[in-house]
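Visitor: Spelled out from the first residue to the last, the chains are:
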Amino acid sequence: MAIDKTAGTAPGAMIGLSADGTEASAPKILAFCCNWCTYTGADLAGLNRMKYPANVRVVRVPCSGRVNPQFILRAFQKGADGVMVCGCHPGDCHYATGNYFTRRRFMLMRNLLEFNGIDPKRFHARWISGSEAAKFRDTIAEVAAQVSALGPNTRYREER
Amino acid sequence: MNKNEQQQKMRETAARLLDAGEAAYVIGFGETRFPEKTSILFAHNAEEADRFVWNDACVQSLAKYLLEDRFADYRVGIFARGCESRAINRMIKDNQFKRDHVHILGIPCEGVNAKRCASCAVHNPVVYDELLWDAVPEPNPETARFARAEAVEAMGPEERYAYWSDVYSRCIRCYACRQACPVCSCRECYVDMDRQGFQGKRHSVSDNQTFGVTRAFHVADRCIECGECERVCPMGLPILGQTQKIIKDITQLSGDYQAGMNAEDGNFLGAFDLDDKDDFM
Amino acid sequence: MTDQETLQELMDKADVRQYDCYQCGKCSGGCPMADAMDLKPRGVMRCAQVGSLNRILNSNTIWLCTGCYACVDRCPHDVNVPALIEEARYEAARRGIWRRDSEVLNKVFVANLKMFGRNHEMVLAGLYNVLALKPAQDAQSVPHMMSKKLIGIRPHSIKENGELAKLIERAESWDKLASAPQEVKK
Amino acid sequence: MSKIGVFVCHCGTNISSVVDVYKVAEAAAQMPGVSYAAEYKYMCSEPGQQMILDAIKEHGLNRIVIAACSPRMHETTFRKMLKKSKINEYLLEIANIREQDAWVHPPGEEATEKAIDLVRMAVAKVAKNEPLKSSLIPITKKALVVGGGIAGIQAALDIADAGHEVVLLEREPSIGGRMVMLDKTFPTLDCSACISTPKMVDVSAHPNIKLLTYAEVAAVKGYIGNFTVTIRQKAKYVNQDICTGCGICEDKCPKKVTSEFNKGLSDRPAIYKLFPQAVPAKPVIDRETCLMLQNGKCGICAKVCPVEGCIDYEAKDVEYDEDFGAVILATGYKLVDWGGMYDEYGAGRYPDVIDGLTFERLVNASGPTEGHIQRPSDGKEPKTVVIVKCVGSRDPKKGKPYCSRACCMYAAKHAHQILDKIHGARVFIFYIDVRTPGKNYEEFYDQTRKDGAVYVRGRVSRIYSDGEGLVCQGEDTLLNKQVRVKADLVVLETAMEPNEGAGELTGLFGASRDVNGWIQEAHPKLRPVETQVGGVFLAGACQGPKDIPDTVAQASAAAAKVIGLLNQDEMETSPMIAAIDESKCSGCGACEPICPYRAITLETIRSREGRFTNAERVIAKVNAGLCQGCGACTVACRTGAIDLLGFRNAQILTEVDALWQ
Amino acid sequence: MIRYAYFPGCASESTALSTTLANNFVFGRIGIDLVEIKDWNCCGATSAHTLSEPLGLALPARSLAWAEKNLPELDVVTGCASCYARLKLTNYRVRQDESARYMVEKIIEAPYEAKREVYNFLDILSPADVRGRIEEQIVRRFKNLKAACYYGCLNIRPAEVTGAKDRENPQAMDELARLTGAEPVDWGFKTECCGAAHQNDAAFETRPLARRILENARACGADVILTACPMCQLNLEMRQAEYARKRKDEKRGKASFPLLDVVLPPPEKETIPVLSITELLALSMGAGSGRLRLDVHHVPVSGVLSKGFRDENESEVMI
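Protein chains in written order, with the working numbering: chain A, 1 to 160; chain B, 1001 to 1281; chain C, 2001 to 2186; chain D, 3001 to 3661; chain E, 4001 to 4319.
The set of hints was computed from the structure by calculation and includes no laboratory data. Treat each hint with caution, since some may be false.
To give an idea of the chain D side of the interface with chain E (calculated C-beta under 8 Å), a few residues [claimed, not checked]:
id, residue
1, Asp3241
2, Asp3251
3, Asp3343
4, Arg3349
5, Tyr3464
6, Ser3465
7, Gly3467
8, Gly3469
C-beta: ideal position from N, C-alpha, C; glycine also.
Given these sequences and hints, build the entire structure.
Guide: Structure representation (structure tokens):
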């Protein structure tokens, strides 16, 4: 089947927004995942047909050290209800030391967000290795539950 | 030495420096029409050097003006208190100019303004070519170093968000904080770069808040806690709290941390310790 | 409290962690009293590892350890066995488990201090030998020491020995004293 | 104007049974920049790939999104496919709708919605992708092996046999390392020199190997395939080209110093060969002790030398650069200075308490006693010998926390040798555990016990003298009894630690070391012979304590890696590396310390800056050969002057934005 | 004048008579003023802390607190290893642990902050300037006298409390002995516990400890054992007759009647004299054996004295 560009659907309909642009109920969680560990772990979860909530969207990055804390702010601005940064366990970085920098950056950033009134349950940094598919599943479930309980995020949210 | 004698000493030293050709000009404070305000004076000769003033109105940080002529092939003289000297160290560490580009006239200072200097912990310049008068005892600041941050920390999450929302709803995005900050030395500020997509330009609380947090994170481990950002804010916003919070956390993670005490030490975020603490699980 | 918990509490007080010990035996190997101990320092740690508090409390080790610290000094993991032994000894005393000779001597010694404030050799050795049923212990040295006036009948008493006796009583009942309501420490 | 094609894969029914792939394709077609969308049963199959290639041609597509399995699965497949089209292979994004969607969610709306989101993110990102070209870097077909022990020798020979040039660099006057000091090797008990010296001779005779002894690495520049190493050749003062190795100078030299090779058990002259079978078999002058070089008085060696002009007191150290494509670090180990650690073992004041390597010299047929075991204090043959294991090993307080691995076996070997050579000898081995995990190792240990060695389980607590001999006091933990063994000789099997100077050398190459100073391998399981620096490999005990079989195996493994590298003429590098926008870079240097590969350097350039026409300023530069593309540097840069190609800030941010468009 | 607050310890008044006389002589000569802590009490020795930790800390604290209040400028010194261990530990614990300090202050009903240090004699005799003063006072040096320096365990350990660096082969006393012309021997029991702590309540068990020390010293060629503690000194000396008999019995394979020890002193070659380091210093500074009351020693010290002195000061030999 090939589709011609001209056929149309309302753009908001599929992404959880109703026609008038108000929020649908399911929260959306954005996860920045290191290609070498958590992303692989997520693939493994798939391979093992584990089930976890469908409201997580993964952005693949080469290393958790690539994740700029400003990405987190941007995600909250755009409408994320929860954000995660996932990397290799300390000592296991594919690039030797990237996650040590992640650790320092996000210890500061997480506290700064909390300082600015963002609920710490909305931002999580986690170490999940390529073999920890179950940990990935459980973490997503845990964060999704926390974020759902909090309801949609309005703080830092851009008005549309 | 009282301030008048100190002022005389400053004028003499600057004149000597300029006469000897050791510096092309000297940066200091000059008079304005208003007794409670001073201007920045760039003295090129001994005559001009005689117009330097030194009083409690000298609240500006002189250091940032060094960046104006950082590419020049002449030396620049500058009066430096504790705060300015730390800024200069930071600039040297950030490769903005070499140490021998500046002739630092160290002026120990016991504080000029109650608001600006309340939490100052470094009265004496930490780097200088000559010290104009004897060092003064280092203070036990009346205001705790992180008072601003601690006050906000004490609030509940709702209150904190309301507090900062209120602050940033008043921000007019004039970027005076950035202009005045002695460690903001980027050639082009990220806020001026639309295509990167880091920063929205709308005048909204959301974009203002993002700007506020990002600005704090950009100075983070390099902030010398001089308070210029807050002093120059035309809306009088208490934005030093953000950087204070970061430095407080750094201090908690790795022990006492003061940026700009020398020009050699690495940045907190440019290093790591295998045993750094985290609770990321 | 179960024995297991008590043991853990003793270990915490002594700042000893059972898993630090890997049973190399360097402690027992250097212990000057090892030959006489029914549970050598390594054995104490072993009992701690398997949770056998009773064997520790009933051993003569806790009474024979001289506190010379050779074991700690040489331990590759810096396990402070004497500290654990000391805590175990207090626990044994709390439970009334004593090695008879040690009980006699130590109690005679403290009684001696309550009387005089300083150690009176004749009283100490005499009372001990009688109460411990060892009349001849070190008797061969007595004539020499008496004749040279190294020891004698006259006590070397301190002036404030009444005060000192009260001090000793306060120390002995410290556990009760400490748990009683106190004024707030400044 | 981007013309993006989106191709949604059913993956048989793997995806399509959960995700409504038609709906996904339909939605994709509406996304900004998309001009074509299609779905198909198997995108990765031959017809699937052909379908994409046809669509590219037919619709003039210039960017591709494939919604299918994980990019870790088929990203390279589709990149290869794109090479057949006009589209640059990096103008491709993969939306992972199988592993991270269809397989983890139940069929229905949610899974389909998620798939559409993932496609939208990929579409947004691909619109910002830029064509990237992997560059080809030439490879210098020559390897440097640092360290001439058995690891270095083996690696050099393997590489040379494969036809590549090798420089083997050794700082001592002869290659051979620790292995030639040993008498016999466990578990086979073959003579160490008999198996290592032929290899040493092979090295010196191999046409592809250049042997540099008495030389050091002074500086290193460059990256994988293109290292420039500054080599410092220390002055030997003996013209190696004309010296005949006759040895007269050594006999006549009046200055005698303690022999390092014989661990202080004998003396050597100031002009010396390390040992009789040294390679090269020509002497050098030790300038620290030579009377002529120290105070200008002597010159006997020059007088007795039969070759005119062979001895040259005026020789100087020479430094020169040489290019290499790959490097193997094989710097080996040394034994810890136990005297400084163990006061309870006499802190070195008893001459008859010796370490294992000293015992090797003592029992070695070519050693100072010609293989007769004689105790150092009075030369008597010891009747009772105590062997103490784990001295300095497994001791976090005074020594090293790790197990030194080889000691259990050579302790057994020493026991065997004593029982073999001394009639009626008694050997007591104090141990904590006996670890024999190697082929024929347990059998050897077993035999040693049968030979009569008495194993006592317990760490020796102290060693003292009783006026006549030494007393080893410890606990027999199996008997639960304190024991005192009166010994004529005590052999301490001491811990291995990284060799002198290994740290500095590792630093020169940019590789890192672990907490104990051993060189860190790139991955403990999967990349055990590589360092984190591309093109720098490791072999032998420099990576951690090892015995000879493991060392040789690792050396050959490292050699295989090097051969694989040198067999290529050029190497393709990943183009997804950091790049710097020099116009934005303020030269603050925040990125520089973060790079684990030292790919970022600060350079001073001149440019026009406002009114200054020839302004000097600092900028950061990225070395494309060193950068591995982790992107950790980018976060340190506040202006975004340093950015990661393929994962630019703008690309990641647009993915974020796309989710809520 | 160097001054210290001095804690003499119970033995100084009884069994350690000759050592006390020697201490007074030596410190007088080299100008170290020991100010006795007024009305000091027993440190509690082994028994107090065996019974209870509070008692073990409170007894030393009483004397230390008096010194801190009344002699605030002075560090404390004691000549007994057991007292040293108890005082030093109390000092250390009070500094380390706020709750220990609280407990101690409550029990002794006086403030105690552990502001000053606690030293033993070896500590205060070892600094270079003090050794210089000792050297100035030495008038005669022993000839061919081989000495085994016995430090005792409690003068050295535990390391975290005492801060001693070399705990297996310390040198401080050896250096002091060298000043007197004695040659320290290299032997193996410098810091091995002698068992004095349990010499009463575990007599049978601790005897081998002292025996091993004595035998190693003799085997390593020592003519005399030097001590830095009256407890060690007494423990090593008092039962030498008993040990000699035991040795004989072990050889013969049967036991003899214990009272024989009193009647028949053992042959001199079976025993070894034990002197405190201050006694040796005093002898070398010219003190006579009568003045030092060396006759109180259980093992005759004539062996030491008969070694004689070196020629350079032959004229001053008067003992």
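Visitor: Which numbered hints does this structure break?
Guide: 1, 2 and 8
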